[in-house]
Amino acid sequence: MAAPKLKMRLGDLLVHENIISDEQLMEALNSQKSTGRKLGDTLIELQHLSERQLLQFLAQQLEVPFLDISQRKIPSSVAALLPEVHARRLRALIIEDRGDSVLLGMSDPADLSGLDQLERMLAPKSIELAVVMESQLFSAFDGLYRRTADIESFASQLEEEYEQSSTFDVSSSFVDETGDATVGKLLQSVFEDAVQMRASDIHIEPDEKQLRIRQRIDGVLQESILKENKIASAMVLRLKLMAGLDISEKRIPQDGRFNIQISGHSIDVRMSTMPVQYGESVVMRLLDQSAGLLSFEQTGMPADLIKRIRHQISRPHGMVLVTGPTGSGKTTTLYAALSELNQASKKIITVEDPVEYRLSRVNQVQVNPKINLTFSSVLRTALRQDPDIMMVGEMRDQETVEIGLRGALTGHLVLSTLHTNDAITSALRLIDMGAAGFLVGSSLRAVIAQRLVRRVCDSCSESYQPDAQELLWLTHLAGDKANQAEYFHGKGCQSCQYTGYKGRIGVFELLEMNEAMMSALKRDDSDAFSQLAKANPTFKPLAHAAFDYALQGITTVEEVLRLVETVDINA
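Start counting the sequence shown at 901; every next residue gets the next number (the working numbering).
Everything labelled a hint here was simulated from the structure, so no lab data went into it.
Incorrect hints may have been included.
The calculated lysine to any residue pairs, modelled on SDA-like cross-linking and capped at a C-alpha distance of 25 Å, are [to be verified]:
hint: 1; residue 1: Lys1440; residue 2: Glu1386
hint: 2; residue 1: Lys1440; residue 2: Lys1270
hint: 3; residue 1: Lys1246; residue 2: Ser1195
hint: 4; residue 1: Lys1391; residue 2: Glu1060
hint: 5; residue 1: Lys1422; residue 2: Asp1367
hint: 6; residue 1: Lys1150; residue 2: Glu1128
hint: 7; residue 1: Lys1270; residue 2: Pro1254
hint: 8; residue 1: Lys1434; residue 2: Lys1246
Pair by pair, the computed Cβ-Cβ distance ranges are [to be verified]:
hint: 9; residue 1: Asp1380; residue 2: Glu1052; range: 51 to 57 Å
hint: 10; residue 1: Gly1334; residue 2: Thr1281; range: 37 to 43 Å
hint: 11; residue 1: Ile919; residue 2: Pro1225; range: 36 to 42 Å
hint: 12; residue 1: Thr935; residue 2: Arg1020; range: 49 to 55 Å
hint: 13; residue 1: Thr1310; residue 2: Leu1371; range: 48 to 54 Å
hint: 14; residue 1: Pro1225; residue 2: Thr1281; range: 26 to 32 Å
hint: 15; residue 1: Thr1281; residue 2: Phe1158; range: 36 to 42 Å
hint: 16; residue 1: Glu1052; residue 2: Lys1246; range: 49 to 55 Å
hint: 17; residue 1: Leu913; residue 2: Asp1380; range: 52 to 58 Å
hint: 18; residue 1: Gln1266; residue 2: Glu1197; range: 53 to 59 Å
hint: 19; residue 1: Glu1197; residue 2: Arg937; range: 25 to 31 Å
hint: 20; residue 1: Asp941; residue 2: Pro1225; range: 26 to 32 Å
hint: 21; residue 1: Phe1158; residue 2: Asp1380; range: 40 to 46 Å
hint: 22; residue 1: Ile1125; residue 2: Glu923; range: 17 to 23 Å
Positions of the beta carbon are idealized from the N, C-alpha and C atoms, including for glycine.
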């Protein structure tokens, strides 16, 4: 195609069409001199117009169509006609293969040099150009350019090498320090795909006739199946070596960790192996160290809740608990608190299993039961290290609970986690674990309970009418307000891999102790404590907090009801 050209400079055109003013153009030009960015990007950054406005205007001037690809199903085989490295570099995506030509989306159709390169790459096919939003392009890249084909190719190659070698030796043939071995390339592709899809966990599960590789994305497992089940032992062995585990031991579970660099991300991998019927199952938790710690605001906490939590953690002594099931984001909340408390004037000691994020100035201790370096033994020593603040990874037993509570009672701020369903039962759980009621009542200051719910995908969100059963539950939860509300869900699009969800947000409840509640705990009156907690005007249960998100279109009725199943709806 002939390269489209603007008849005037972009800035002059935008002023001529009264889209921006002369003053706004001059401001953008002055800013551009210092940043070196393109004028269009500068105007968007200064909020003089939106990305959609700019691209629609460009499309009109260049007489090419403007396309919204968020709702468009693009086959990965079509996108693959342009290799990923060139697609990302030139910000271009093949949307349709039309035989002799391709429909090509670009976020900068005025990039004549890029267009020339694309024409040479795609020859003999001609190009039919369309303008596409850059944000939609990059979202599509992550979904379309997955490592599935690479994984299948390396798995097939690895099995061929396995079958052709009569003297197959996993440790020598498939593991080397350079990473050039086939198994190394296979695992590299598995990790790259997981990081690209924002997976929190990777599961490698051998079966009788196949190998399952599953990724937990936004809290839900997504499965890929490889027919090459014989390669599982080579993959597990390589991972064991990376994690420093005993490669000769296959009969007992093992735990380890290692760090890898993937696509510019520093990924800390916590690995667990377990013997199963057809080999060893491996689960790896991925922690992106390069992403940094989240603040309270980034976790999704409402502003009023953040203010109350900050008040609680600013106290000089007392215990603050964060509670919820595994995978509910407790550690993220604790680290958000530690980040705010981490000052030169405060001595902070943490006891963790394992240490998930490294914090400067914070004294972090990794427990090791093999040498009797347990939570309780480290806590006793920590109290003699003159700390202001202590963080205990988990209240696991009576001894740890009692030492933590006594530390909170003797002038220290103690932060910790507990595996319970909600805030109210957490205080009672401490007593069930053997702590004296007077100790819990005197030391505990606040309990944060939390869950994670999936966000509705912004690209395909639409109005939704709950069915009769869902409305019955919602009415029981929120009364008449449930029948008057408008609800949303995602219908599924390229951006969210057709799940309707993209990302997660925290749902929180905060129980702050008052004199009456503390008194009930001191006399071991659990019924009175529960009633007083529920009657507290500042206490909003998890289910009600999740319902508020549904009203705002942040999450779906399905997610609210999934959360309701795990908590006391009458709280």
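The hints, checked one at a time:
A distance of roughly 21 Å separates the Cα atoms of lysine 1440 and glutamate 1386; the hinted pair therefore holds under the 25 Å criterion. Distance hint between lysine 1440 and lysine 1270 is unfulfilled; the C-alpha atoms sit about 42 Å from each other, more than 25 Å. Using a Cα cut-off of 25 Å, the hinted pair lysine 1246 and serine 1195 holds, with the two alpha carbons roughly 19 Å apart. Using a Cα cut-off of 25 Å, the hinted pair lysine 1391 and glutamate 1060 is violated, with the two alpha carbons roughly 42 Å apart.
In summary, the hint linking lysine 1422 to aspartate 1367 is not supported, as the alpha carbons are separated by about 46 Å, beyond the 25 Å threshold. This hinted pair checks out: lysine 1150 and glutamate 1128 have alpha carbons roughly 20 Å apart, not beyond 25 Å. At roughly 14 Å between alpha-carbon atoms, lysine 1270 and proline 1254 fall within 25 Å of each other, so this suggested pair holds. At most 25 Å may separate the alpha-carbon atoms for a hinted pair to count; lysine 1434 and lysine 1246 exceed this at roughly 35 Å.
Separated by about 54 Å at the C-beta atoms, aspartate 1380 and glutamate 1052 satisfy the suggested range of 51 to 57 Å. Between glycine 1334 and threonine 1281 the Cβ separation comes to about 22 Å, which falls outside the hinted range of 37 to 43 Å. In this structure, isoleucine 919 and proline 1225 break the distance hint of 36 to 42 Å, their C-beta atoms being roughly 51 Å apart. At about 31 Å, the CB distance of threonine 935 to arginine 1020 disagrees with the hint of 49 to 55 Å.
Hint check: threonine 1310 to leucine 1371, Cβ distance near 52 Å, so the stated range 48 to 54 Å holds. Taking the beta carbon of each, proline 1225 and threonine 1281 are about 30 Å apart, inside 26 to 32 Å as hinted. At roughly 28 Å, the beta carbons of threonine 1281 and phenylalanine 1158 sit outside the given window of 36 to 42 Å. Between glutamate 1052 and lysine 1246 the beta carbons are some 52 Å apart, a value that agrees with the proposed interval 49 to 55 Å.
At roughly 54 Å, the beta-carbon separation of leucine 913 and aspartate 1380 lies within the given 52 to 58 Å, and the hint holds. For glutamine 1266 paired with glutamate 1197, a C-beta distance near 29 Å fails the hint of 53 to 59 Å. Our hint of 25 to 31 Å for glutamate 1197 and arginine 937 holds, since their Cβ atoms are close to 27 Å apart. A hinted range of 26 to 32 Å is violated for the C-beta pair aspartate 941 and proline 1225, which are about 43 Å apart.
Look at phenylalanine 1158 against aspartate 1380: about 55 Å separates their beta carbons, and that is not inside 40 to 46 Å. Between isoleucine 1125 and glutamate 923 the beta carbons are some 60 Å apart, a value that contradicts the proposed interval 17 to 23 Å.
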